[in-house]
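A.B. asks: Line order of the protein sequences matches chains A and B.
In this text, residue positions in the first sequence follow my numbering: the first is 5, and each later residue adds one.
In this text, residue positions in the second sequence follow my numbering: the first is 5, and each later residue adds one.
These aren't lab readings, by the way, just hints derived from the structure by calculation.
What you are looking at is a predicted structure, and each value in this text was computed from that prediction instead of being measured.
There's no promise every hint is true.
If you want the footprint, here are the derived chain B segments under chain A, 3+ residues with CB under 8 Å [to be verified]:
#1 51–59
#2 81–87
#3 187–193
Each pair of labels, with its calculated beta carbon distance range [claimed, not checked]:
#4 B:Gly110 x A:Gly122: 33 to 39 Å
#5 B:Leu172 x A:Ser126: 31 to 37 Å
#6 B:Thr173 x A:Val36: 44 to 50 Å
#7 A:Asn87 x B:Arg186: 45 to 51 Å
#8 A:Thr33 x B:Gly83: 17 to 23 Å
#9 B:Arg194 x A:Asn87: 34 to 40 Å
#10 B:Asp20 x A:Val90: 29 to 35 Å
#11 A:Ser126 x B:Arg12: 47 to 53 Å
#12 B:Leu172 x A:Lys20: 39 to 45 Å
Even for Gly, the Cβ is constructed at its ideal location relative to N, Cα and C.
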Amino acid sequence: MPVSQSHSQLVYDALKGCDVGLLSALPETWLVHLIRLADDDPEMILVRLAKEEEGVGISMGAHLAGVRSAMLMQNHGFLASVNGIVSGAQLYRIPLLMLISARGEMGEKDPWQTEGGGVTRSVLDALHIPYLELDHPDHVARRIDQAQTLADASLKPVALLLMRDLMWEDE
Amino acid sequence: MLRIDALRAIYPQLEDTVVVTIMGAVAAELQAVGHRPNFFYLEHAMGLASSMGLGLALARPELPVTVIDGDGSVLMNLGTFTTMARYRPGNLLHLVFDNESLLSVGGFPTATSTGSDLAAIAAGAGVPRALTVHTEDELRTAVEEAREARQLTTIVAKVEERGPKVFLTDLHMLENRFEFQRWLRAAETRSSP
Numbered sequence: 005m006p007v008s009q010s011h012s013q014l015v016y017d018a019l020k021g022c023d024v025g026l027l028s029a030l031p032e033t034w035l036v037h038l039i040r041l042a043d044d045d046p047e048m049i050l051v052r053l054a055k056e057e058e059g060v061g062i063s064m065g066a067h068l069a070g071v072r073s074a075m076l077m078q079n080h081g082f083l084a085s086v087n088g089i090v091s092g093a094q095l096y097r098i099p100l101l102m103l104i105s106a107r108g109e110m111g112e113k114d115p116w117q118t119e120g121g122g123v124t125r126s127v128l129d130a131l132h133i134p135y136l137e138l139d140h141p142d143h144v145a146r147r148i149d150q151a152q153t154l155a156d157a158s159l160k161p162v163a164l165l166l167m168r169d170l171m172w173e174d175e
Numbered sequence: 005m006l007r008i009d010a011l012r013a014i015y016p017q018l019e020d021t022v023v024v025t026i027m028g029a030v031a032a033e034l035q036a037v038g039h040r041p042n043f044f045y046l047e048h049a050m051g052l053a054s055s056m057g058l059g060l061a062l063a064r065p066e067l068p069v070t071v072i073d074g075d076g077s078v079l080m081n082l083g084t085f086t087t088m089a090r091y092r093p094g095n096l097l098h099l100v101f102d103n104e105s106l107l108s109v110g111g112f113p114t115a116t117s118t119g120s121d122l123a124a125i126a127a128g129a130g131v132p133r134a135l136t137v138h139t140e141d142e143l144r145t146a147v148e149e150a151r152e153a154r155q156l157t158t159i160v161a162k163v164e165e166r167g168p169k170v171f172l173t174d175l176h177m178l179e180n181r182f183e184f185q186r187w188l189r190a191a192e193t194r195s196s197p
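Bound conformation, chain B alone:
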């Protein structure tokens, strides 16, 4: 499975959820599929996308939150699994694209290429639902089931080691940041009586 095809497959499911992605290829590909104001691309601070998602999910329990992580990023912050599992917000979905590579910096193999199993690590940390998927259909179903279950879920999606040639887009980080914050504020107004 190509990551961009996986993103296209779940794109309709990301319409009503707050999305936080990691930097580089994932951010560029999701913007290529189509930017929305409820999408935030953490273009650095590697490892912290899931922490940001946890902060969002705890601060706004009424909003579904989806983190789109990567194997290289989450390996930099494995403690995040234990912290997420500790508070296990039911509105948080943690999707990890695992291409077994630090592709954005030249394709260095990560530890998942030598057998480290991120879904097993998540489950071992106490994440109530953790699974690995290999196809677009499996991914779409897993996302749907995570939503219905309303339980913290980590989905590890195995993808090919391929990505875009260019990571820079015409959406500036700060424009994204303020637009995202305004969307969240408006969502608060919409949901309050």
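If we strip away everything but chain A, and leave its shape as in the complex, we get:
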């Protein structure tokens, strides 16, 4: 599978570097290595979800309990979480770090992913959620740290888009 193992490791190490102690996740192709890394890490609390919106509630609880967390999801999972983000994390000022695989953008071969790719940024903008792209290994650690820093300072959700150029190694 051409999902980049080394870049997944970079992302995972950067999350650990930010003291993330709980990850909620719903699997999708680009996230397989990240989820496996979390599963293999005895220090990480991995919560496998039935639907992504649950992860917003789990992160709210973890934050108030003093544990940093992040959500791993596909952009369709982000779209499925919008009410929880607005009426949970935003209403209650919760720093919510979301790592969203940006499926359906340039280079996407799966026709079923293409509609979500076209609206993800518009929805992030509509919700006033700041986001950065992770598309090159050189800036992964710095941008994850910046995103966590802004989330903590603003007490609001922030997003990082996991881009094809970072996550996928075309054969």
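Given chain A, work out where chain B should sit, using these hints.
C.D. replies: Here is chain B on its own, set in the frame of chain A:
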């Protein structure tokens, strides 16, 4: 059984536990019985109170956590039963008041009014202990037994379709949020050597 009487019955049992409630009638009634700094009222994000409780329970395994849910709320997030059951934290108690109605928005009957059984759904999802109670005494006993068992428990408490006239209280959501967080932080300090 009236929900507020049920809340009064278990109020002493909520003293040393983190509590997360759903919005509306439940939040207003628990505040009427008496607010405590370890109580958090999720005044929106319907369906996510149990997810929040799961996050709290996993993040702080030393603290007992009680979620006070409702039939309308939990029906919006039935997957939560499977996620809770998967990790089954022994410090998590999931209490669901089932009045078979979306009372807070005008009394529309929910699917529990036509036979959907939330305790059976919880058990089917893998929640190790799931039961339905109908009286204050049964509820108090069920809460006590859940604590002693130290196993994830869902208690469905059947209550009448009645609630307060007003849901707004003088406790602002953000005041509640920060007070609750400070209580949890202090609890950490108290429990560390």
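A.B. asks: Quick check: which numbered hints come out false for this structure?
C.D. replies: The structure breaks only hint 7.
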